[in-house]
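Protein chains: 2
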Amino acid sequence: MKFSIDRTKFINQTNNVQRAISSKTTIPILTGMKLDLAENGLTITGSNSDISITSFISKEDADNDLTIESLGSIVLPAKFFNEIIKKLPGDNFNLEVLDNNQTLITSGVSEFTINGLDANNYPHLPEVATENQLIFPTDLFKEVVNQTVIAVSNQESRPVLTGVNFIINADGLTSVATDSHRLAQRKIDITSDEEYNLIIPGKSLTELVRTISDSVKEISMSISENQVLFNFDNVMFYSRLLDGRYPETDRLIPDDSSTTLTFDSSNLLSSVERASLLSHESRNNVIKLVIKAADNKATLFGNSPEVGTVEEALDFKTLEGEDLDISFNPDYLKDALRSFGGNTEVEISFTSALHPFTIRPMENKDTFVQLITPVRTF
Amino acid sequence: MKFSIDRTKFINQTNNVQRAISSKTTIPILTGMKLDLAENGLTITGSNSDISITSFISKEDADNDLTIESLGSIVLPAKFFNEIIKKLPGDNFNLEVLDNNQTLITSGVSEFTINGLDANNYPHLPEVATENQLIFPTDLFKEVVNQTVIAVSNQESRPVLTGVNFIINADGLTSVATDSHRLAQRKIDITSDEEYNLIIPGKSLTELVRTISDSVKEISMSISENQVLFNFDNVMFYSRLLDGRYPETDRLIPDDSSTTLTFDSSNLLSSVERASLLSHESRNNVIKLVIKAADNKATLFGNSPEVGTVEEALDFKTLEGEDLDISFNPDYLKDALRSFGGNTEVEISFTSALHPFTIRPMENKDTFVQLITPVRTF
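Chains as they are written, first to last, in our numbering: chain A, 1 to 378; chain B, 1 to 378.
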């Protein structure tokens, strides 16, 4: 295996693949990055037990300046290999595999000889058939993920709750996540010949949206029994799926309400951020919302026995319904409000002090809902 | 105590004072920030066992929008107080001390009540006479500190070596620091009526140069028996001095040399950074420089048994003298080269493989020197 390549183009692709590589893995070869050089170009692969990413650098594209002298494969220690390539002096670099997987990297005045590993020992990638691809506009896909992944559980006691449930049928795609204290659900229109119900690990989705650069317009998704494959540009992103049955969540979302307020989301977010400064110092991290309908007043209260108290007169747009005292974790409300992005008008609906309340964007009440369970404080 | 003030101007000053406040202090009141309101303005104070910083906000300056209703003092929990002020909604805020040191802070829709502490229990600031002030241009002072503080020891076994030695006499100011493996010495012209020999803790100097904003043109320095006071703009920065006798360092710097090279500092820095990528993985973190005068070649070698080897053909400007094999810690050379800033031409002089070598800027060979002790590898 021997080639030379444009250093910057190479770094752009290793940055994608690097996301799948963990130095903490128990399988030593997975701390490495695999390079496979074929007639048509170079494929770079990184993998851990959850996700695998490949990125392809085409010989056809003259910008890549890929000159091939001989084909082959090698696995190189990812951390050092990346640091070395980033610090090399030249615009290009040469890479040649010598005897015993020793790999010579040269660029300008620098010459590195790195101990590689036999690529035959690297695990095979999952096989995912790509006949029934679903196509998403990138912006919409990122929105769906970012709006729901905030509600996944980070506790392994119920593994399915660490994932986001994608339900694809004649109604489109419903994406839902819950950690049993809060829930996020977003629906979008999408056409699919097949019906699917899958649970994708939240961490995989978080890495996926970080990997997709802003220049990518479309992303395609292919599903097998225990793997999902996302494809965009020259990148293939594989994630395992979570086994098990996701809970029915539709019945958790209340239909009616006794008190409803509308807010500018960023205004309300600022007030909750201030109130949470003190609640973070108290043992139970709870703030209280007191609504006095007759006075047309809504006030947030936070306190920490050590530091002091805070009172925020909320700047709502409308208030309708009954009086209410309700307590909740301010961090859930902050996450929910941030998921609407910018200055969105939102509606918050309560049924009682002990029932979950919902936050919805005024413009898309039917397709997007954040739900938060209150905390009983008496 | 009751006043209102411009929030942004207030935050600018608390950001300075905050540098002196540690949440790890064993004296609880020092986790607080002291506010003293007098007729002419507000003084904010923060302190730890090493440094104290005060910042003054004048009533005279209309930009501060300081309206005083009643005078007084209070100590508030620094971390929360700062977070609260930063997140308040209004351009201004009001602060009023109520009974039992309870402090009411209001701004727009927000109302915080914070538990304060009695300002009478706050330690007194050191007393430093300011008759014999030394005046430095800020840029030059920062240069002197940044070029020498890199060589202070971070081990408490010899406390004086954790400081920078300032020697002020008829020759000007000599600033020197050494951790016994390397040494940095910078001399500048300065006029002083008195002679001084003091040791300022390296950490104090690092915080000091961070506190001095780019808009400050001059800084004055006043010295007492065990304290030094730096004054700039409306800020007073006190540091304790280190007790003890600083070692004589002049005799450590060699006068002659057997091999001399000149480099562009940033070129050499890049080569050393690459060579250190692998040495960092080996047990002793050493790289080897091999000079072959007859071949007009100088080569850096680094290696890690696990990862591999690196060879850098150095791109020097001139090479004179005898052949040499010398090994050293690359991190010391990186720190030294960075202290010259940008693309400076530097001269490196060696006497033997076991004696310290020096790095000096070509344009100021007599006033600035970095010295590094090699490592014996055989």
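A couple of the hints might just be wrong.
A pair holds if it fits inside one copy or across any two, identical chains being indistinguishable in the list.
Straight-line Cα separation of at most 16 Å, EDC-like style, residue types lysine to aspartate or glutamate; simulated pairs [unchecked claim]:
(1) LYS187 / GLU96
(2) LYS365 / GLU195
(3) LYS86 / ASP63
(4) LYS187 / ASP6
(5) LYS317 / ASP214
(6) LYS2 / GLU39
(7) LYS288 / ASP331
(8) LYS87 / GLU273
(9) LYS288 / GLU111
(10) LYS203 / GLU345
(11) LYS187 / ASP233
(12) LYS86 / ASP214
(13) LYS365 / ASP325
(14) LYS334 / GLU111
(15) LYS79 / ASP65
(16) LYS79 / GLU281
(17) LYS317 / GLU131
(18) LYS334 / ASP323
(19) LYS79 / GLU306
(20) LYS86 / GLU273
FYI, nobody ran anything at the bench for these hints, they're computed from the structure.
Structure-based check of each hint:
In this homomeric assembly, LYS187 and GLU96 never come within 16 Å of each other (Cα to Cα): the closest approach is 50 Å inside a single copy and 50 Å across copies. For the homomeric pair LYS365 and GLU195, neither the shortest alpha-carbon distance inside one copy (25 Å) nor that between copies (77 Å) is at most 16 Å. For the identical chains of this complex, LYS86 and ASP63 are neighbours neither inside a copy (18 Å) nor across copies (48 Å), given an alpha-carbon limit of 16 Å. Neither within a single protomer nor between protomers do LYS187 and ASP6 lie at most 16 Å apart by alpha-carbon distance, with minima of 43 Å and 46 Å respectively.
Proximity of LYS317 and ASP214 under a CA criterion of 16 Å is satisfied in neither setting, with 35 Å inside one chain copy and 44 Å between copies. Taking the closest pair of Cα atoms, LYS2 and GLU39 come within 16 Å of each other only inside a single copy of the chain (12 Å); across copies the shortest separation is 78 Å, beyond that limit. With identical chains, the CA atoms of LYS288 and ASP331 are at most 16 Å apart within one copy only, with a shortest distance of 13 Å there and 54 Å across copies. Only between protomers do LYS87 and GLU273 lie at most 16 Å apart by alpha-carbon distance; the minimum there is 8 Å, versus 42 Å within a single protomer.
In this homomeric assembly, LYS288 and GLU111 come within 16 Å of each other (Cα to Cα) only across copies, at 15 Å, whereas the closest approach inside a single copy is 64 Å. Taking the shortest Cα distances, LYS203 and GLU345 never come within 16 Å of each other, neither inside one copy (29 Å) nor across copies (49 Å). For a Cα distance limit of 16 Å, the shortest separation of LYS187 from ASP233 qualifies neither inside one copy, at 26 Å, nor across copies, at 58 Å. In this homomeric assembly, LYS86 and ASP214 never come within 16 Å of each other (Cα to Cα): the closest approach is 22 Å inside a single copy and 32 Å across copies.
For the identical chains of this complex, LYS365 and ASP325 are neighbours neither inside a copy (24 Å) nor across copies (74 Å), given an alpha-carbon limit of 16 Å. Taking the closest pair of Cα atoms, LYS334 and GLU111 never come within 16 Å of each other, the shortest separation being 51 Å inside a single copy and 20 Å across copies. Taking identical chains as interchangeable, the C-alpha atoms of LYS79 and ASP65 are never at most 16 Å apart, the minima being 24 Å within one chain and 53 Å between chains. Taking the shortest alpha-carbon separations for LYS79 and GLU281, only the inter-copy value of 11 Å comes in at or below 16 Å, while the best intra-copy value is 39 Å.
Proximity of LYS317 to GLU131 under the C-alpha cut-off of 16 Å is found in neither arrangement, the shortest distances being 49 Å within a copy and 62 Å between copies. Proximity of LYS334 and ASP323 under a CA criterion of 16 Å is satisfied in neither setting, with 23 Å inside one chain copy and 66 Å between copies. For the identical chains of this complex, LYS79 and GLU306 are inter-copy neighbours only, at 13 Å across copies versus 45 Å inside a copy, given an alpha-carbon limit of 16 Å. Taking identical chains as interchangeable, the C-alpha atoms of LYS86 and GLU273 lie at most 16 Å apart only when they sit on different chains, with a minimum of 11 Å there against 40 Å within one chain.
Hints 1, 2, 3, 4, 5, 10, 11, 12, 13, 14, 15, 17 and 18 from the list above are not met by this structure, while the remaining hints are.
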